[in-house]
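K.L.:
If you want the building blocks of each chain, they are given just below.
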Amino acid sequence: MSEFLTHYAFLIVPIIKIAILVLLVLTVDAYLTWLERKVIAHIQTRWGPYRVGPHGLLQPLADGVKFIFKEDPMPAGVDKIAYFLAPFLTLMLALTSLAVIPFGPQRFTVWGYETHVGIADVNISLLVLFAITALAVYGVALAGWASNNKYSLLGGLRSSAQMISYELALTLSVVGVLLIAGDFSLRGIVEQQAQSGKGLVSWNIFPQIIGFLCFFTAAIAETNRVPFDLPEAESELVAGFHTEYASMKFAMFFIAEYTSMITVSCLCTILFFGGWLSPFPVSWTFTQFLPSVLLIPFGLWMIYDGIRYETIFGRVLLPGVGTALLALGGALLAFPVINGYIQGPFWFLAKVFVFLFVYIWMRGTLPRFRYDQLMSFGWKFLLPVSIANVVLTSVAILIWGKH
Amino acid sequence: MTAPLIIFFVLAALAVLGAVSLILQRHPIHSALSLIVVMVALAGLYLLMGAEFVAAVQIIVYGGAIMVLFIFVIMLLNAGLEERTNFSRLATYAGIPLALAVSGLIAAAIVRSGGYLPAPAPSGALTSTKTLSMLLFTEFVYPFELTSFLILVAILGAIVLAQREN
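Top to bottom, those sequences are chains A and B. Just so you know, the numbering used here puts 260 at position 260 of the first sequence, and the rest follows in order with no gaps. Just so you know, the numbering used here puts 56 at position 56 of the second sequence, and the rest follows in order with no gaps.
Pulled out of the complex, with its shape left as it was, chain A reads as follows (with noise of 0.2 Å):
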């Protein structure tokens, strides 16, 4: 048997690590959605979801249930092939990007076989990105296209013209940051940050401002979101290009919609700051109680505020949460050898955690843009912008050298 695993190990492992990877990202995707409905509920003054468990935290279970258990009514005259390939489309090319983002900096060998954090590690994982972000367009274009609804064509020809417009900015936006680091691997540009072991300063934000921005403007136009959100604007055109999807299909648009916005905020985290690095210098080994420090109050907040919830449930599961989260910190304290290994996805998590919120924050608060001026400010004022990022990045460069 250990025979059979050290053989086949490169196959194995790498099956178990896309199965765990795609179970995380379904689970953080339906508590995206929460989060999402909460923290715009909050931005408006409501309440959010709160029924279904405390603090509604049971809504995704129960939108998932609905989900499948819901009527699949298929239109009259749509495109049979387009129609079925869409979502599956869609879906599949958003949960491909996570496999080339590295989450941490260990390696470490199971049976034999040396692997890392993250599924994949290829020298131009950068570009496979964009390539997955090239294709990715047909789902919505194809979606729109093949269900045969006025509405539906109108939203899927938005969205290819404006992500065809703002691939480019997407792409010009990158090669300041591919400029200082001189390598199209992930790792490499996170490694490269790492290089001056002086934490927040040496990160990629400071000299690619510009290229910051208009990477995630036109990171959110790529992933159809406020204020980018015309192929499904829904004032305009019903729902756009998912108009005639329900039930589990229009269920993986919107996973595929969610996990897009993980891998960007996986990418602004890689390419602008610092991925998976602590943002104090290497010499503050203090910090690594961080985490720890972090989980203690949370779970006393979480017990205080448990025990006076209105239902039964909500009083035995928060404070149950609650005490496990305040073991784990403890243990933390306690054992602090395996502080070294959380580290890097804490630090990791909690960066992707904040452009996520960033996402949520932005839906809360900007109106929609007219098409012509989507359109304008793509092509006449974000692609100029990121050209003079190139321009003014190798010049510095050229003038004094890479730091």
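Treat the hints as calculated values from the structure; they're not laboratory data. Be a bit skeptical, because a hint or two may be false.
To be verified - Among the chain A residues that face chain B by a calculated CB cut under 8 Å, a handful are:
1) I81
2) N123
3) I124
4) L127
5) V128
6) F130
7) L135
8) V137
9) A141
10) W145
11) F184
Stated by the list, open to error - Only part of the chain A face toward chain B is listed, based on derived beta-carbon distances under 10 Å:
12) A136
13) Y138
14) G156
As the list claims (entries may be wrong) - Every beta carbon over 12 Å from chain B, so not counted as near; a handful from chain A, in silico:
15) V22
16) H116
17) R308
18) M362
Glycine included, C-beta positions come from ideal geometry on N, C-alpha and C.
Let chain A serve as the given structure and place chain B on it in line with the hints.
P.N.:
Frame of chain A, contents of chain B only:
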């Protein structure tokens, strides 16, 4: 059979099937989708040869940009089913024997050259992005710049044509 050989045959079969379906499909969108399958399968073949950069560029440029424009135009014009005319019947009767003849010629040439061609050694020097760009900006800088100039002229031409009506 080794794993790369199996992957090669799968990808090659995918590319050929995509190409055949491109011709046989009667709806322009289905034809365009088949062409995308061919492009992606070709990218897979490049990857198999160790040319990572070329594979990624194949998908970004051909699979992404160019084919998206195809689909966009087909959707915008709302093109319907293909109409079969006398000429297309002629193309079938003359085209299939011709295609078979050309394939036979190529196959014969491959067989005469000694059955199996030796697999191209994945030369690390040429496949890495860094060396490729080095070559592009030193040894082949004039062809590279000339091509860029040609593309620029094409872009300007497109803009002039698009604005003529005003």
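K.L.:
Would you mind marking each hint as holding or not holding in the structure?
P.N.:
Structure-based check of all given hints:
1. I81: Hint holds; I81(A) Cβ to chain B Cβ min 7 Å, cut 8 Å.
2. N123: 6 Å, holds
3. I124: This interface hint holds because 5 Å falls under the 8 Å limit.
4. L127: 4 Å, holds
5. V128: Holds: closest Cβ of chain B sits about 6 Å from V128(A), inside 8 Å.
6. F130: 6 Å, holds
7. L135: Holds: closest Cβ of chain B sits about 6 Å from L135(A), inside 8 Å.
8. V137: 5 Å, holds
9. A141: 6 Å, holds
10. W145: Holds - the Cβ of W145(A) comes within 8 Å of chain B, reaching about 5 Å at its closest.
11. F184: Since chain B brings a Cβ to about 6 Å from F184(A), closer than 8 Å, the hint holds.
12. A136: Holds: closest Cβ of chain B sits about 9 Å from A136(A), inside 10 Å.
13. Y138: Holds - the Cβ of Y138(A) comes within 10 Å of chain B, reaching about 7 Å at its closest.
14. G156: 7 Å, holds
15. V22: 22 Å, holds
16. H116: Fine: 18 Å to the nearest Cβ keeps H116(A) off the interface.
17. R308: 54 Å, holds
18. M362: The assertion about M362(A) holds, with a minimum of 26 Å to chain B.
In this structure, none of the earlier numbered hints is contradicted; all agree with it.
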